[in-house]
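So the protein sequences, as listed, match chains A and B.
The opening position of the first sequence corresponds to residue 1 in the numbering used here, with each subsequent residue numbered one higher.
The opening position of the second sequence corresponds to residue 1 in the numbering used here, with each subsequent residue numbered one higher.
A hint or two may mislead.
No distinction is drawn between identical chains; accordingly, a pair holds when it is met within one copy or between any pair of copies.
Stated by the list, open to error - The calculated lysine-lysine pairs, modelled on DSS-like cross-linking and capped at a C-alpha distance of 27 Å, are: (1) 223 with 58; (2) 15 with 207; (3) 72 with 187; (4) 18 with 269; (5) 207 with 255; (6) 18 with 81; (7) 18 with 255; (8) 223 with 81; (9) 58 with 118; (10) 58 with 252; (11) 18 with 193; (12) 42 with 252; (13) 269 with 58; (14) 58 with 155; (15) 269 with 187; (16) 252 with 193; (17) 81 with 193; (18) 155 with 187; (19) 42 with 187.
Hints are computed from structural coordinates only; laboratory data are not their basis.
As the structure is a prediction and not an experimental result, all values here were calculated from the model.
There are 2 protein chains.
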Amino acid sequence: MYPFCYLNGEIIPVKEAKIELSDLGLLRGYGVFDFFRTYNNKPFLLDDHLDRFTQSAKEMQIEIPVTVDEIKAIIDELISKNEINEAGFRIVLTAGSPDDGFSVSTPNFFILVEQLHKYPDHVFVEGVKLATHEHLRHLSHIKTTNYIIPILMQKYADEQNAFDILYTFEGNILETTRSNFFVFYGKTLVTPKENILIGRTRNFILKMAAEHFEIEERPISTKEINSVDEAFISGSTRRVTPVVAIDDATIKDGKVGTNTRFLQELFEKHVNEF
Amino acid sequence: MYPFCYLNGEIIPVKEAKIELSDLGLLRGYGVFDFFRTYNNKPFLLDDHLDRFTQSAKEMQIEIPVTVDEIKAIIDELISKNEINEAGFRIVLTAGSPDDGFSVSTPNFFILVEQLHKYPDHVFVEGVKLATHEHLRHLSHIKTTNYIIPILMQKYADEQNAFDILYTFEGNILETTRSNFFVFYGKTLVTPKENILIGRTRNFILKMAAEHFEIEERPISTKEINSVDEAFISGSTRRVTPVVAIDDATIKDGKVGTNTRFLQELFEKHVNEF
Chain A
1 MYPFCYLNGE IIPVKEAKIE LSDLGLLRGY GVFDFFRTYN NKPFLLDDHL
51 DRFTQSAKEM QIEIPVTVDE IKAIIDELIS KNEINEAGFR IVLTAGSPDD
101 GFSVSTPNFF ILVEQLHKYP DHVFVEGVKL ATHEHLRHLS HIKTTNYIIP
151 ILMQKYADEQ NAFDILYTFE GNILETTRSN FFVFYGKTLV TPKENILIGR
201 TRNFILKMAA EHFEIEERPI STKEINSVDE AFISGSTRRV TPVVAIDDAT
251 IKDGKVGTNT RFLQELFEKH VNEF
Chain B
1 MYPFCYLNGE IIPVKEAKIE LSDLGLLRGY GVFDFFRTYN NKPFLLDDHL
51 DRFTQSAKEM QIEIPVTVDE IKAIIDELIS KNEINEAGFR IVLTAGSPDD
101 GFSVSTPNFF ILVEQLHKYP DHVFVEGVKL ATHEHLRHLS HIKTTNYIIP
151 ILMQKYADEQ NAFDILYTFE GNILETTRSN FFVFYGKTLV TPKENILIGR
201 TRNFILKMAA EHFEIEERPI STKEINSVDE AFISGSTRRV TPVVAIDDAT
251 IKDGKVGTNT RFLQELFEKH VNEF
């Protein structure tokens, strides 16, 4: 964690930043957040992340106490004050501490600046395995703070030697605990758009890919695992991470696909020049 | 809120009791709790609540940092120091602040002492209406802190002039957001036991009722609403609350049933003498 954070109007040392026990984010898990990272110390896809954050807050009926422009100014100040060398930003909004203990109230709003999680090179070079789990997130389109299943399933993922859990539901592949899922059929890129959280990196990749590939946003059946040519997942820190196996099945020959590699390089080029 | 609470080893003023922003209970909604109330200033069904709390913690792989006997001693001290006049106790355990931001770590453990929510007399005398909502809680047998749906649905309940939301799932009635559900067919008392949180008050009522009624623990179909003779819900503060309508359907003639009234009086007698 970087030393300075923002909490309810002030930039303060994170060690002094604390929240009351009666906050509904803590007592009732009632909160929303968003997370983005910097490249070259500039926030990447910031507007897209703040759009989603605003939408999440609206759906959960919590009023963000500052404007989007004010959030941007706070982020600039945090970048400068923390003297970051690339960082992740976690923007969190909870329902506060109502008298009745159960209604959305004056929110708590804070921003943490975090060291980026570094994945080992082989993740991006050789690709990863995913382990499936039947699960449909409630309110999957909202970025709530509810990550009980991902944390609880981490042990199972480790046992399976899997990088992440891939949610399936009633015959379809949805998303991983913190990434969107894509497959290639030849030069056609396919990704779900229902019953998932719409990733900002996902949307950026689709836009980038549209110049080179056919795009299909549609349900992906679990039965397709055996017939797709390539697969990958996307996310703010995972970027384009090739998927070479799902449970006991390899994707084709278990090697990273050429179209995935092409998209990965395109993505890296873009962010390096950002 | 009563003035003193317990937090990580100390009894301190609740106004000074705060938690770090990196706690996973706050950032990831990863926590468990239990709640019980006093009658005559003595905790009611304390052992049953602490059993469930211990079980919830175990299932979520969080280690409770004190023994059950130590929890009881803390509760005694909180009762005395707060000079309570009946109170609710909220025992909360979160996954703490791990270095990796995503694993169960040294927990935060706290106990809040709350004023009891008082429902108006007509709730117990005339009964209430419930509004159904199709929803199966994830990990429904564990008392996690995830109450997003109940808080979000409160507005809908108010619009429907309903006391609470009754969860249904694939044709069965499960539970309300914070109560268990029962029906009577003549002298037979029926309540679900799968896909719900097993209430401590529920179990107490079943034990009490077994001396007077036939008991069936089994799924209740939504179609049964039109044929049951009586219905009620149970909970620590709701005790035995008669249900006289569900959505647009009244239960029989919309009056509180005689067996429900009998159980209600039995319950009140028991807790008054506790």
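Here's how the hints hold up against the structure:
no. : hint         : verdict
1   : 223 with 58  : neither (37 Å within a copy, 36 Å between copies)
2   : 15 with 207  : neither (40 Å within a copy, 50 Å between copies)
3   : 72 with 187  : neither (38 Å within a copy, 65 Å between copies)
4   : 18 with 269  : neither (40 Å within a copy, 44 Å between copies)
5   : 207 with 255 : within (25 Å within a copy, 61 Å between copies)
6   : 18 with 81   : both (19 Å within a copy, 25 Å between copies)
7   : 18 with 255  : neither (47 Å within a copy, 50 Å between copies)
8   : 223 with 81  : neither (51 Å within a copy, 62 Å between copies)
9   : 58 with 118  : neither (32 Å within a copy, 31 Å between copies)
10  : 58 with 252  : neither (43 Å within a copy, 40 Å between copies)
11  : 18 with 193  : neither (37 Å within a copy, 40 Å between copies)
12  : 42 with 252  : neither (38 Å within a copy, 65 Å between copies)
13  : 269 with 58  : neither (35 Å within a copy, 46 Å between copies)
14  : 58 with 155  : between (34 Å within a copy, 14 Å between copies)
15  : 269 with 187 : within (21 Å within a copy, 74 Å between copies)
16  : 252 with 193 : within (24 Å within a copy, 45 Å between copies)
17  : 81 with 193  : neither (38 Å within a copy, 55 Å between copies)
18  : 155 with 187 : neither (36 Å within a copy, 47 Å between copies)
19  : 42 with 187  : neither (33 Å within a copy, 70 Å between copies)
Checked against the numbered hints listed earlier, the structure breaks hints 1, 2, 3, 4, 7, 8, 9, 10, 11, 12, 13, 17, 18 and 19; every other hint is satisfied.
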